[in-house]
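S.K.: For this one, chain A is given, so just place chains B and C on it according to the hints.
Read off the chains here:
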Amino acid sequence: MSSSPVCPCSLHKGAVGFRVAAISATKWHQQFCCFFSSVPCKPSPISLSNSVSISRFFPENRLPWGHTGRSLPINENQCNAISFENPCSFQVGEKFQLEDVIEAQQFDRSILSAIFEVAREMENIEKNSPRSQILKGYLMATLFYEPSTRTRLSFESAMKHLGGEVLTTENAREFSSAAKGETLEDTIRTIEGYSDIIVMRHFESGAARRAAATASIPVINAGDGPGQHPTQDDIKDYLMSKGIEWEESDDLMEVASKCDVVYQTRIQRERFGERIDLYEEAQGKYIVDRDVLRIMQKHAVVMHPLPRLDEITVDVDADPRAAYFRQAKNGLYIRMALLKLLLVGW
Amino acid sequence: MSSSPVCPCSLHKGAVGFRVAAISATKWHQQFCCFFSSVPCKPSPISLSNSVSISRFFPENRLPWGHTGRSLPINENQCNAISFENPCSFQVGEKFQLEDVIEAQQFDRSILSAIFEVAREMENIEKNSPRSQILKGYLMATLFYEPSTRTRLSFESAMKHLGGEVLTTENAREFSSAAKGETLEDTIRTIEGYSDIIVMRHFESGAARRAAATASIPVINAGDGPGQHPTQDDIKDYLMSKGIEWEESDDLMEVASKCDVVYQTRIQRERFGERIDLYEEAQGKYIVDRDVLRIMQKHAVVMHPLPRLDEITVDVDADPRAAYFRQAKNGLYIRMALLKLLLVGW
Amino acid sequence: MSSSPVCPCSLHKGAVGFRVAAISATKWHQQFCCFFSSVPCKPSPISLSNSVSISRFFPENRLPWGHTGRSLPINENQCNAISFENPCSFQVGEKFQLEDVIEAQQFDRSILSAIFEVAREMENIEKNSPRSQILKGYLMATLFYEPSTRTRLSFESAMKHLGGEVLTTENAREFSSAAKGETLEDTIRTIEGYSDIIVMRHFESGAARRAAATASIPVINAGDGPGQHPTQDDIKDYLMSKGIEWEESDDLMEVASKCDVVYQTRIQRERFGERIDLYEEAQGKYIVDRDVLRIMQKHAVVMHPLPRLDEITVDVDADPRAAYFRQAKNGLYIRMALLKLLLVGW
Chain A
1 MSSSPVCPCS LHKGAVGFRV AAISATKWHQ QFCCFFSSVP CKPSPISLSN SVSISRFFPE
61 NRLPWGHTGR SLPINENQCN AISFENPCSF QVGEKFQLED VIEAQQFDRS ILSAIFEVAR
121 EMENIEKNSP RSQILKGYLM ATLFYEPSTR TRLSFESAMK HLGGEVLTTE NAREFSSAAK
181 GETLEDTIRT IEGYSDIIVM RHFESGAARR AAATASIPVI NAGDGPGQHP TQDDIKDYLM
241 SKGIEWEESD DLMEVASKCD VVYQTRIQRE RFGERIDLYE EAQGKYIVDR DVLRIMQKHA
301 VVMHPLPRLD EITVDVDADP RAAYFRQAKN GLYIRMALLK LLLVGW
Chain B
1 MSSSPVCPCS LHKGAVGFRV AAISATKWHQ QFCCFFSSVP CKPSPISLSN SVSISRFFPE
61 NRLPWGHTGR SLPINENQCN AISFENPCSF QVGEKFQLED VIEAQQFDRS ILSAIFEVAR
121 EMENIEKNSP RSQILKGYLM ATLFYEPSTR TRLSFESAMK HLGGEVLTTE NAREFSSAAK
181 GETLEDTIRT IEGYSDIIVM RHFESGAARR AAATASIPVI NAGDGPGQHP TQDDIKDYLM
241 SKGIEWEESD DLMEVASKCD VVYQTRIQRE RFGERIDLYE EAQGKYIVDR DVLRIMQKHA
301 VVMHPLPRLD EITVDVDADP RAAYFRQAKN GLYIRMALLK LLLVGW
Chain C
1 MSSSPVCPCS LHKGAVGFRV AAISATKWHQ QFCCFFSSVP CKPSPISLSN SVSISRFFPE
61 NRLPWGHTGR SLPINENQCN AISFENPCSF QVGEKFQLED VIEAQQFDRS ILSAIFEVAR
121 EMENIEKNSP RSQILKGYLM ATLFYEPSTR TRLSFESAMK HLGGEVLTTE NAREFSSAAK
181 GETLEDTIRT IEGYSDIIVM RHFESGAARR AAATASIPVI NAGDGPGQHP TQDDIKDYLM
241 SKGIEWEESD DLMEVASKCD VVYQTRIQRE RFGERIDLYE EAQGKYIVDR DVLRIMQKHA
301 VVMHPLPRLD EITVDVDADP RAAYFRQAKN GLYIRMALLK LLLVGW
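Line by line, the protein sequences give chains A, B and C.
Residue 1 is where the first sequence starts when you use the working numbering, and the numbers rise one by one after that.
Residue 1 is where the second sequence starts when you use the working numbering, and the numbers rise one by one after that.
Residue 1 is where the third sequence starts when you use the working numbering, and the numbers rise one by one after that.
Hints listed in this document are in silico derivations from the structure and should not be mistaken for laboratory results.
Be careful, since some hints might not be right.
Note: identical chains are not told apart, hence a pair may lie in one copy or across any two.
Stated by the list, open to error - Taking lysine-lysine and the DSBU-like style, the derived pairs with C-alpha atoms no more than 35 Å apart in a straight line are:
#  : residue 1 : residue 2
1  : 258       : 236
2  : 236       : 298
3  : 285       : 180
4  : 95        : 136
5  : 258       : 285
6  : 180       : 329
7  : 136       : 258
8  : 180       : 258
9  : 298       : 285
10 : 180       : 127
11 : 180       : 236
Chain A on its own, in the form it takes in the complex (with noise of 0.2 Å):
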């Protein structure tokens, strides 16, 4: 640890290296703030995804979805200071480098940092009364394909905040139902007739993509099927291309002692199809409780992208190293910087 530069991220002011410890993958656009911290520490840019983790836990070295898990011992995970010297080097009024955001792999570090900055003036202006208008008069549509009501209220809340207005669709699948037949192409063809920036969330991989390609105005990926949910192989692989070392663990009070961030998430019954027993088993093996907190550093936080079942401890909740809900609360800060930045530039 060092009193050189710190994270921007209002949930770890002085802390300036990071070991995390991820439980298991979960959806980018629900942890984008979170995981500027779990940036691992490297002299030059890197390109950031939520699978960037340190170690990760599995039962028994079983995988639920049917892969074999290795158990490796728990190094220390040396880091230098994540420096970001000059974070705001974009000139306000400036046009935003991306015309779209789709995936976690677009932003390098110096934008990540500036989108931080401008996250922190969005942080004010929810704060303040009255209110900014900064994106009075412009549309955003919620093209939604599969309900997410938390992930949409929270763009929605985003966007109104800014004084912006939305119009609102949960049901998008019926545009392009089997009995109509629409493509994803003509859909966004007519709706970005309609609005000025287009939020969507689709049952398919690729199909952010897809929209943003065909549409004239910037499209904000919400989630698009398995794309951005990489699996546990695609991560290794990724860590490996980037050089960063990693392991695996079945020990989490060794590795909560150890850690910066131990980012647990919701074991998703879903994967496990019928052994129901397999689930059963992997629910209760590794739960946040008292218990690790009582190990975990002081200045360590426990996240999650929320919802939770069991795999926190309702008793956590009251220990300032629960981060999950202020995580939530600077999820609508990054999206207000992101409307922000697509909509009038930095």
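M.R.: The following block gives chains B and C in isolation, referenced to the frame of chain A:
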């Protein structure tokens, strides 16, 4: 009757004492304004609920939900004047006494009187152009775990009439589905990060109270299961505990000739289960039609929480004593008043 | 062709007389703008409907819905110029002639011309920033008894582009469900208390007219069952009653080479019932592809109400004569114009 302090409710100008015939229990949030005028006259402030009624009808002593009813002779119920000499004892800008609106029992007469004053201002706002922007920059989340379009639209209209904005969800069950299993408390902690006030409808009794206990922002109960839909036995006990006289009768014509308010409601088919015969019998038993109007007093009103089926005939609608559509509109003003009071105070 | 008075529709600059080939009946509210250009040329104003078409194709004389078709030889259909020397004969601020918009027959040519002038202003408003606030403080309720996301979003976009606000319901059937049994009239009386204008889609023919008769605020018909979706026999009778010549043909190529507008539509599978074989035969019969484009006149356009399936091939999209996405966008401007006219006048 006297000319002394009058009901501030626009329905009852000049009326000072009321005999109310409520034909069955209904939802409090749809009748807020109306119950003001159904307050049995007592010198000291009393708590109000939708169960405050004077007379109640059941088909030939047989209660559809299996209880045994008794027919009682109708007595005159002499009321004192409702007095609220100084209804507006609250300073403009002063904080509202309530943090949440969960049940009718939270209100005493002085608060109710003052709320009705604010509702009257809201009526002016709604009728004038350009409309008020009192709540500009505020965000209301309508978190409905079961759909209730009428109630939702009324709240959303109230918010938007005051310049506020709305996040809508009618499928909030998704948040807490068996598959995902999130607790109400966790959902509230997320939604409170996106909005300034939550209007919630839930299928479980007590859910609104739990939400209010969790949230750091105001919660308005727009119905939570059988909560605030008390059964007849509750009502009797409650009235007796407050020392309020009441009677039951099966003679609609006699009661209608004496009452100030005939509060009709829909007979809820879903309560009869398989006994469709009992439902059909009950359905035709007490119909407010032109014959009933003929014997009603000139100043009396017919109220109904809507939707109505056949229990009030359509030819009653044109009579000035048919108050049910005015009642729905007044519900809008009350909701505007409550939103204003909870968000910015008196 | 002449240089005299031209179509104000941006699709047809300079075009003065039209021969239209409409391949099947479609919904008027999606085609509003387009029908302007499909007005058969008559010296005196005529009423318009979506059934105004010149040529109509059916697969080999067999009409899918069981009627007997006849193939007629194609004749030249010489039109006079559409003349609207003084389209804007209405004073700014003057009250709009119509209280509701229920059917295309309400419009005569002079009103249509003036509406198109307003639509052109709306196009400027939509393209400029900051956007207009003409309808600030006004509330539109979209009361949809059956979902139609595209239509709903278009109306909501129109309202919000003018600074107005929206109350949305896509499950309005709940209002009038068998269980609750409320009449449309009662629903309208409640909703008109919450909003300033109602856009309604209903599953029953005539519902829009009933709603308009009840409401004291404007009602716009966004489709009511088979209403405004006239059958072919209706169309023929209507055209004959107006003295308009028409023909039927099954030779797409010949017609396409002569027409100014090829109005293609989706073949509605739901009309074929069990006869999937007939559907598939009909489906492939008349496809607008690059071969059709090749023989079409240079100034002609291909229109479609969307969504499209295979009846126009995707490689047609890039041709400047492919007007269907412009058509959807123009629908937005028309809706903006109608909302402005109904709420604040000319």
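S.K.: It remains to establish, for every hint, whether it holds in the given structure.
M.R.: For each hint, the structure was consulted:
no. : hint      : result
1   : 258 - 236 : within (21 Å within a copy, 63 Å between copies)
2   : 236 - 298 : within (29 Å within a copy, 57 Å between copies)
3   : 285 - 180 : between (46 Å within a copy, 18 Å between copies)
4   : 95 - 136  : both (18 Å within a copy, 29 Å between copies)
5   : 258 - 285 : within (19 Å within a copy, 69 Å between copies)
6   : 180 - 329 : between (39 Å within a copy, 20 Å between copies)
7   : 136 - 258 : neither (47 Å within a copy, 48 Å between copies)
8   : 180 - 258 : between (55 Å within a copy, 30 Å between copies)
9   : 298 - 285 : within (24 Å within a copy, 70 Å between copies)
10  : 180 - 127 : between (45 Å within a copy, 31 Å between copies)
11  : 180 - 236 : between (41 Å within a copy, 28 Å between copies)
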